[in-house]
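Enquirer: Protein chains in written order, with the working numbering: chain A, 1 to 494; chain B, 495 to 648.
Just so you know, the hints here were simulated from the structure itself, not pulled from any lab data.
A hint or two may mislead.
Claimed, not checked - Examples of chain B residues lying across from chain A (beta carbon under 10 Å, computed):
#1 P523
#2 K532
#3 V585
#4 N613
#5 K614
#6 M629
#7 G640
Cβ coordinates follow ideal geometry from the N, Cα and C atoms, glycine included.
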Amino acid sequence: MGDVLSTVMNSFSAMTFILLFFGVIVGLIFGSIPGLTATMGVALFIPVTFSLDPASGLFLLLGVYVGGISGGLVAATLLGIPGTPSSIATTFDAFPMSKNGEPARALGIGIIASLIGGVLSFVVLVTIAPVISKMAVKMGPAEYFSLTFFALMLISILSKGNMIKGISAGVIGIALSLIGFAPIDGTARFTFGNINLKSGIDLLPLIMGLFAISQILIEVQSETKKESILFKVRGLGVSIKEIIANGWNIIRSSLIGIGFGILPGMGSGASNIVAYAQAKQASKTPEKFGKGTPEGIWAAETANNASVGGALIPLITLGIPGDTVTAILLGGFMIHGIQPGPLLFKTNPDIIYIVYIGFALAMLITFFVMMFGMKLFPHILRIPPKFLYSFLLVMTVVGAYSTNYSIFDIWVMLLFGVIGYIMMKNDYPIAPLILGFVLGPLCEQYLRRALMSSGSVMEFFTRPVSAIFLLIALVLFIYTLYKEISGAKKQPAV
Amino acid sequence: MTKNDRIIGLVIVAIGALMLFQTYILDYPVFLDDPGPKLMPQVIAILLVLCGIGLLAWPKKRVDSEEVTTEKNKKGTILMAIIGASLICYVILLNWLGFIISTFVFLAFVIWILSEVRNKMTIVKSGLVSIVVTMSIYLIFVEALGILLPRFLG
Chain A
1 MGDVLSTVMN
11 SFSAMTFILL
21 FFGVIVGLIF
31 GSIPGLTATM
41 GVALFIPVTF
51 SLDPASGLFL
61 LLGVYVGGIS
71 GGLVAATLLG
81 IPGTPSSIAT
91 TFDAFPMSKN
101 GEPARALGIG
111 IIASLIGGVL
121 SFVVLVTIAP
131 VISKMAVKMG
141 PAEYFSLTFF
151 ALMLISILSK
161 GNMIKGISAG
171 VIGIALSLIG
181 FAPIDGTARF
191 TFGNINLKSG
201 IDLLPLIMGL
211 FAISQILIEV
221 QSETKKESIL
231 FKVRGLGVSI
241 KEIIANGWNI
251 IRSSLIGIGF
261 GILPGMGSGA
271 SNIVAYAQAK
281 QASKTPEKFG
291 KGTPEGIWAA
301 ETANNASVGG
311 ALIPLITLGI
321 PGDTVTAILL
331 GGFMIHGIQP
341 GPLLFKTNPD
351 IIYIVYIGFA
361 LAMLITFFVM
371 MFGMKLFPHI
381 LRIPPKFLYS
391 FLLVMTVVGA
401 YSTNYSIFDI
411 WVMLLFGVIG
421 YIMMKNDYPI
431 APLILGFVLG
441 PLCEQYLRRA
451 LMSSGSVMEF
461 FTRPVSAIFL
471 LIALVLFIYT
481 LYKEISGAKK
491 QPAV
Chain B
495 MTKNDRIIGL
505 VIVAIGALML
515 FQTYILDYPV
525 FLDDPGPKLM
535 PQVIAILLVL
545 CGIGLLAWPK
555 KRVDSEEVTT
565 EKNKKGTILM
575 AIIGASLICY
585 VILLNWLGFI
595 ISTFVFLAFV
605 IWILSEVRNK
615 MTIVKSGLVS
625 IVVTMSIYLI
635 FVEALGILLP
645 RFLG
C-alpha cells in the first residue's frame, strides 16, 4: 500500500494539473458545441497521449471525458440543444429558465449539480470497485464469456432505433474485430491478402470515422444556423437552502445515474432522462416541469455526471466498457499497455489510484473552470463552423495516421466515415458496433478457453453465475422482441 | 423498415455469406481440444445472415413510411459531397506532398467553401488561417509531442 501510494505521488507534478486542466477545457469545448461529443474529444486526444507516460496520458483523457460530459450543460442551457446526449433532459428546464432571464442561475444549478453527482459517484466507485474486482478474480472464462455476451446484448437491445438494428450493429462490430490474426493460434482471418489487414482494424481510425467524420458530414449537410445568444451573468442565486431542499431529488438522481452508468448500454445518455422523469413524478409541483423549474435541472445534471463514476466501475474492475466513451478510454488504456480487468488491482494498483484521483480532480477542475469561466461560454458557441469542421477534419486525419504511421489507416477511417453516415441517416445505433468491436476479441478468447477447459457447451449453462447472465440476456431479448413485434402490429403498414 | 433498411439487410446477408465461405477455406494449426479460429467467425457469419434476414422481413411501421424523404437540403448535400471529395484528395496529396503543403491546401479550400460569402477577402482570410493552423498542428505534434507526420515525398 505504501509503495503504491508513493508511486502514485511520484506521478504527480505540476504537469499533472496542467494536463488535467487542458483536458477539462478541451472536454468542455467538445461537450458544449452541439454535434461534438465527449466521445469524439477523447478519441481525438488519444494520439496526443502517445508520447506521454501512462499516468499523464490517463489524466489527460479523464479530463476530456469529465469535461465533455459536463460541457453538454452549456448548449442545453443557452441554446436549448443538448451539447451531448447526456444533457437531453437538461434542456427541458434549463433552457426555459434561461429564456426567462436567468441563464446564469440555470448554469449555476447545473454546475453545482454536476459536482454533487460526480462526488457521490466517486464515493460509490471507490467503495464498490475493489469488492467487484475481488469477486471478478474468482470468475472463469465461462463466466466472462456470458458476462460479455450479456453486456453486448444489453447494449444492442437498449440503444435507440429498433432492436434488430441494434443487434445488427453489434454483430457487425464483432465481425469487424475478427479481421486479422486470431487470438490463441494467430491464424490470419479475412485479410484478403492485404498485409495492412493482418494486424486487424485499429480502434482509433474506426472510431474517428464512425463518430467524427460521419458527424461532421451530417452537420455540414444540415447547415444548422447559429442562433443568437443572450447572456448576462447576474449572481448565481443558488443557496445552500435550495440544495438541502432538493436533497432527496439529488440523492435519487445520483443513484439512478450511478446505476445506469454501471449497467452496460445505458450510461449518461439514458440516466438523465430517467432521473428527470422520476423527479417529475415525485415532485409536489409536476406542472412546473418543462417551464424552467430548478428541480428538473438538479435531477438531469446530477444523474449524468453520476453516470461517469458508475461507468468507470465495470471498466476498471472487469475490463468491460459500458458505453462508447468508456470503450475509447479502454482503447486509450491499452495503447499505454494497461489492461483493465480484475487483475489490474493486483498488477497495477497505482493505475487504479490514478483513475480515482484523476476522476476526482477532473471533477473539481471542471467545477472551477465552469464557475469562473461562465462568461466565456457564449464565445465557445460562437466559433464559426467553417473553422471548427475544417480543423477537426485535419485532426482526425492526423489521429488516424499517427496510430501506426500508415496512410492505410486514414482510408479505413474514411470508409467508416461513410458507413457511420449511412448508419446515422438510417437510425442505426453506433454504440453497439463500437462495443462489439471492442468486446468481440475478448468474447472469442473466453469462448475458446472455456471450451478448451471443459470441452462442452454445457459449461456455460451449468455454472450458476454464467447461467444467470445468459438467462437475463435471453429474457431481455425475448421481452424486447415481443414488445417490438406487438408494437409493429398495432401500427399496421399503410 | 424503409427501402434503405432492406438494401442494408441484403448487404449484411451477403457479407455474412462471404464470411461463412471464407471460414471453409481457412488454413490453421489444430490444437488439442481447441475449437479453433473458425468457430467464432462461423457463429458471427450465421448471426449476420440472420440479422440481414431480420432487416428484410421486419414488419413495416406507419412511422417509417411517413418518413421525410424529400431532400429539402440539396445545397447542404452538395456541400457535403464536396467536403467528402476534398478529404479524399487530401489523403492522396498527403502521400505525395507531405503534411504541411497538403494540409494548407485542404484547410484553405474547406474554410473557403464553408464560408457564407465567398469573395477575394475570404480567400485571403482562409489562406492566413490555414497557414497558422497547419503550422500550429505541425509544431505541436512533431516538435512538442514527437509524433511523425507524412513528409514531402515521404
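Enquirer: Which hints from the list above does the structure break, by number from lowest to highest?
Expert: Numbers 4, 5, 6 - these are the hints that the structure violates, sorted from lowest upward.
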